Amino acid sequence: MPSRRAVLATGAATGLAAVAGCLSSGHSFGTLETDSDTWRLSRYDPQNTGHNADATVPDDLEERWRVEIDSPGRDVGGLAVGEDLVVAGSGEETSRSLVALERDDGSVRWEDEDADVAALALGDETVYTTAEGRDVTAYDLETGERSWSTLYGTWFLFDGGALYRGDDAGVTAYDADSGDERWRISGYGASAIEDGRLLRGNSGLTAYESATESVRFDDGEPEPRWEASGRGHGTVPVVWDERVLTGAHPHPFDNEGQRLQAHRLEDGELEWEREFSNARVTSPVIVDDRALFHVGRGDRDDASDGTNTLLAVDREGTVDWELETEWERLALAAAGETLLVGGDTDDDALVAIDPTSGERRWERDLQGDSVQVAGAAMLAPVDGELFVGTGHSHVVAYG
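Just so you know, the sequence shown maps onto residues 39 to 437 in the numbering used here.
Keep in mind that the hints were calculated from the coordinates and are not lab data.
All of these numbers come straight from a predicted model, not from anything done at the bench.
Backbone N, C-alpha and C fix where the C-beta goes; we use that ideal spot for every residue, glycine too.
Don't take every hint at face value.
To be verified - Cβ pair distances, simulated, as ranges:
#, residue 1, residue 2, range
1, S145, R402, 19 to 27 Å
2, D233, S267, 42 to 50 Å
3, E219, E247, 18 to 26 Å
4, E311, T94, 33 to 41 Å
5, S66, T394, 35 to 43 Å
Please work from the sequences and hints to get the whole structure.
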């Protein structure tokens, strides 16, 4: 079963960001260009949709190669796919804690045994990694040479020019080329970027505009465009047309439960809210007219209360379909008209689901010759291929 650390990384690896500190000039929240043949961020794009809309995944998956990057029992903590490389990371003090693999055959181009990877992002010429309480590090994509390194971070967002990372204590923006700090603010929250605006899911949801020469982040916090109140730690904001989906959870399995909320992108007004008691709710994946997410109840030794359910809701928050599952924790991603679920059970560790109906199209296990227990921690679907980071530190390529 994927570890708590890996699931937090999967659901939060997309990044924390906010704005403050000292900035000598304007800061523009950029938009990372995406395409169907690469998967550069944990949730694919800066809007955190988790959906590679123009990609296709074969119905009959054939395993092309498999590489063990670590000893069995450790999750793959970061996974990205470039034009000719697959980059994956895991915990430190292992034989391969960060490895760049040739996309066509899985052979190793370079590796770093001293890395500690909970999340990573892929630039055009650089791969960026971070982990809880550890460095943010930039590596040359071709050679694996370290370009620069800073201290501490867990969550990541990359917009092509800047990196946004944070932990429970604060959030920081770094220049992607030099590693220089641009600004910093204390406070928890994951982030998304949409149309020159940064959306921060902290205890509620806050929207910030790009800074210009006349509106600079000098002393203290900038004035947000709008704020929506909430309670507890926020989840990863997901942009869906003219709304933002986010949630909050006081503590796992708190009787108040976790909430999924839809706020209007323009002014933060709450459009609808759904609450789930004694549950852990994933950040949604967006496929056209539906937001798809999982409600998990029970975790390891914790007592279960109710069923685990995969749900699809429409733009008004109405449930379109729901599917009872055996999964407690999972990874979600979508390619074209297929929802991919990486589960934590052996018999259906990888499942393809029709997002319009919830019908299972196919399923398969992830076991290789060297392991008895398997589960999926990271998913990266690209056009015609699927790359999986497993809970036993394998990277598997399907085509």
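Taking the hints in turn, this is what the structure says about them:
no., hint, in the structure
1, S145 / R402: 19 to 27 Å, "24 Å, holds"
2, D233 / S267: 42 to 50 Å, "23 Å, violated"
3, E219 / E247: 18 to 26 Å, "21 Å, holds"
4, E311 / T94: 33 to 41 Å, "35 Å, holds"
5, S66 / T394: 35 to 43 Å, "37 Å, holds"
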